[in-house]
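Novice: These are the residues of each chain, in order.
There are 6 protein chains.
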Amino acid sequence: MSKIAIFPGSFDPITLGHVSIVKRAASLFDKIIVAIGVNSTKSSMFSVEQRKEWIENIFKDYENIEVETYTGLTINYCKKKGAKYILRGLRTSADFEFERGIGQVNFMMEKEIETVFLLTEAKYSPISSSIVRDVYKNGGDLSKLIPAEVIL
Amino acid sequence: MSKIAIFPGSFDPITLGHVSIVKRAASLFDKIIVAIGVNSTKSSMFSVEQRKEWIENIFKDYENIEVETYTGLTINYCKKKGAKYILRGLRTSADFEFERGIGQVNFMMEKEIETVFLLTEAKYSPISSSIVRDVYKNGGDLSKLIPAEVIL
Amino acid sequence: MSKIAIFPGSFDPITLGHVSIVKRAASLFDKIIVAIGVNSTKSSMFSVEQRKEWIENIFKDYENIEVETYTGLTINYCKKKGAKYILRGLRTSADFEFERGIGQVNFMMEKEIETVFLLTEAKYSPISSSIVRDVYKNGGDLSKLIPAEVIL
Amino acid sequence: MSKIAIFPGSFDPITLGHVSIVKRAASLFDKIIVAIGVNSTKSSMFSVEQRKEWIENIFKDYENIEVETYTGLTINYCKKKGAKYILRGLRTSADFEFERGIGQVNFMMEKEIETVFLLTEAKYSPISSSIVRDVYKNGGDLSKLIPAEVIL
Amino acid sequence: MSKIAIFPGSFDPITLGHVSIVKRAASLFDKIIVAIGVNSTKSSMFSVEQRKEWIENIFKDYENIEVETYTGLTINYCKKKGAKYILRGLRTSADFEFERGIGQVNFMMEKEIETVFLLTEAKYSPISSSIVRDVYKNGGDLSKLIPAEVIL
Amino acid sequence: MSKIAIFPGSFDPITLGHVSIVKRAASLFDKIIVAIGVNSTKSSMFSVEQRKEWIENIFKDYENIEVETYTGLTINYCKKKGAKYILRGLRTSADFEFERGIGQVNFMMEKEIETVFLLTEAKYSPISSSIVRDVYKNGGDLSKLIPAEVIL
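Residue numbers (our numbering), protein chains in the order written: chain Z, 1 to 152; chain S, 1 to 152; chain F, 1 to 152; chain E, 1 to 152; chain L, 1 to 152; chain C, 1 to 152.
Rather than coming from a laboratory, the hints here were simulated on the basis of the structure. In this text, all values refer to a predicted model and were calculated from it rather than measured experimentally. Not one of these hints is a red herring.
Identical copies look the same in the list; a pair holds intra-copy or inter-copy alike.
List time: in silico DSBU-like cross-link candidates among lysine-lysine, alpha-carbon distance up to 35 Å: (1) Lys111 - Lys144; (2) Lys79 - Lys23; (3) Lys80 - Lys52; (4) Lys23 - Lys144; (5) Lys111 - Lys137; (6) Lys3 - Lys137; (7) Lys3 - Lys23; (8) Lys52 - Lys81; (9) Lys3 - Lys144.
Just chain Z, with the same shape it has in the complex (with noise of 0.2 Å):
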């Protein structure tokens, strides 16, 4: 049986952090699904549509690496898609406070579905999609934060 994983997120936009991550889980999985949620209540942005774009072009050489969008809960989009795990990246104990509750939960609610987490390289950790919007916003310097596919 194939192992699939699911990475999940807003990607709002994707950071050098997450596609750190992604590429050295790569070898882990057969197949990841980079999966953006839609929130209809979340306001974003960047439209889906080109939040999906950039991290299509940021993996294209990658043959296991898939691109989605989904919406709802995450372990059901785990079980339509034969996903049994959830792959997340862990910066700073926040992160894992925030991590440990959903993961828990989904846990009780799904014991087939296991989250699986990697730690952000130390040099990426400071890396957050919110940092991202205020610096982009306020004009500054985004070379280090992004990767080069994504646009701005």
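Fit chains S, F, E, L and C to the known structure of chain Z by using the hints.
Specialist: Below, chains S, F, E, L and C without anything else, positioned relative to chain Z:
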């Protein structure tokens, strides 16, 4: 003099974690008032009336547990009710940091009122009302998160 | 049935933070036993006798506060004394993480005994017995760290 | 070359904790600019003019403390003012995690600007502008939270 | 190429939390080596032989789980065994901070080896080998802390 | 009056993280004294003389950086040297909690001495002397952890 504790919160909705805290604290105090804070500027998913009814049903066999609603500062509400204790549960260190700020400011303003903390049981520690609302919105299984009396 | 709490610790030596917790908790319980844990494998700076005498002097005017020494598991000592509560102070999130582990394991082993936490007052939150010992060894001023009854 | 530090914030309103940080840092720098960040998308409780006036009154006897408003990225504002230092206070580990992200990203973008942190005094560590606003809205006593110059 | 993971630790003794991590990770890897680190300068409560025997008994029905002992740096041991993954469980944010330091330094030294984390199940999160040893020394009930195969 | 800062530590051995903090702080102070705390009850891996020589070599081109050894309380040493500032680096929230305790107690005992913190650069944040010692003992590659002047 009787020992009265306020257990304040939004309870939007009450979770298995909240219920466990109140039941375990019931023998420590002469009376516990589960106090639904009504905040006109913060929207809730469930109406105050519905939240109150659920909580009343949960504790209907506990003689020393009452359910009320209140507005304004929690310490002012405590003084009005003659309560010298605020009861709170602690799940994570993020919880703790948040509660410490509130609790120490309350203590600066009113030395006569103490915040008393119990630990959330390990199995309930990932549950929060906000995770419950998220699972509910997306049609997930709530049976391990909320008591049977909360009928959604 | 009377509400008895154990306040366990090494108290090597007792600090202003410890004293504040016990005094503030005194009206919540019928009796508080300040219990000096004696651990044959852990060396202390001050003798058990001296630590006990200091604590007795501090609380000599409190009718419902006693001082004892004990060995073995704290929950076993609680059962022996008929105490259903363990009292602890919380200063920092590191404290919290440590106490949560102990408290939740105690709860797994003995559901009838609850750990009850009060917040350390903000002004005392940086004080620990280990910092006191370090200042003492180096001849620093201890007057803002320990009660006058601890004569060094 | 003179050592100029920016102390950026919303100061909605300024608290006793903020004031303590700036006064204690005053001798470390040749000039400190208390810089009120004006963010058109974030609403504030008090007007920029009022916040500025309060802060000017508080520091009117400090020759090397100025008060200004700014928009945009803090590091761009620093460059405009010739400031090589950003001054920040640290109260809690949640504060620290937040500040580290901002500070390390600033450092990635501009190696010449350093963020310098002082510790909030223990007695002020529970105070935040958001707690002050909450107490204010509910008519609580603010005298231990904000300086006398902040007249509400 | 086969996916081999090392699960390193002292396992002094192995706990229910450790066992849960390994069993849940068993389908993610082709082989997991539970690797008992032998450190000549750190004393243990139980002998290496005994610890190894317990772990072998626990996993005797899992074809892809092996038990070994090792000395020296974990990443060197990984290279010797052809393992590209280090498996670790995460219980608390204190755990996370500790693991992040080790994991990021390992990654700085050897980019080809990734640390993969699973969350400890909520009900096991308070359990640590050090708490188990403390309960054991004091004659407490260990049945909810360690697997039946660990016979003390 | 000149601004003198003490950068205290064991430096057993000094790491790239320490060096980065001192160099970045060099322009903020008139003089920085890298002060090796000698503690007769705590054993070190490298001799005081060797640690001092390494640090002197690292900073030999910095006119305002000196290296000394000291015993006793850091604040007493500061007073002896006329230093009004203690310089410290912050890597993690565990660091922060530890430093806050020390820093706030120092401030309680001596209001005239401030602890000033800089952030460790993201790429150095996982490095600690204790990890360096562990890698060293096991023959690992130290080139990304310590400066070239530390010859092991």
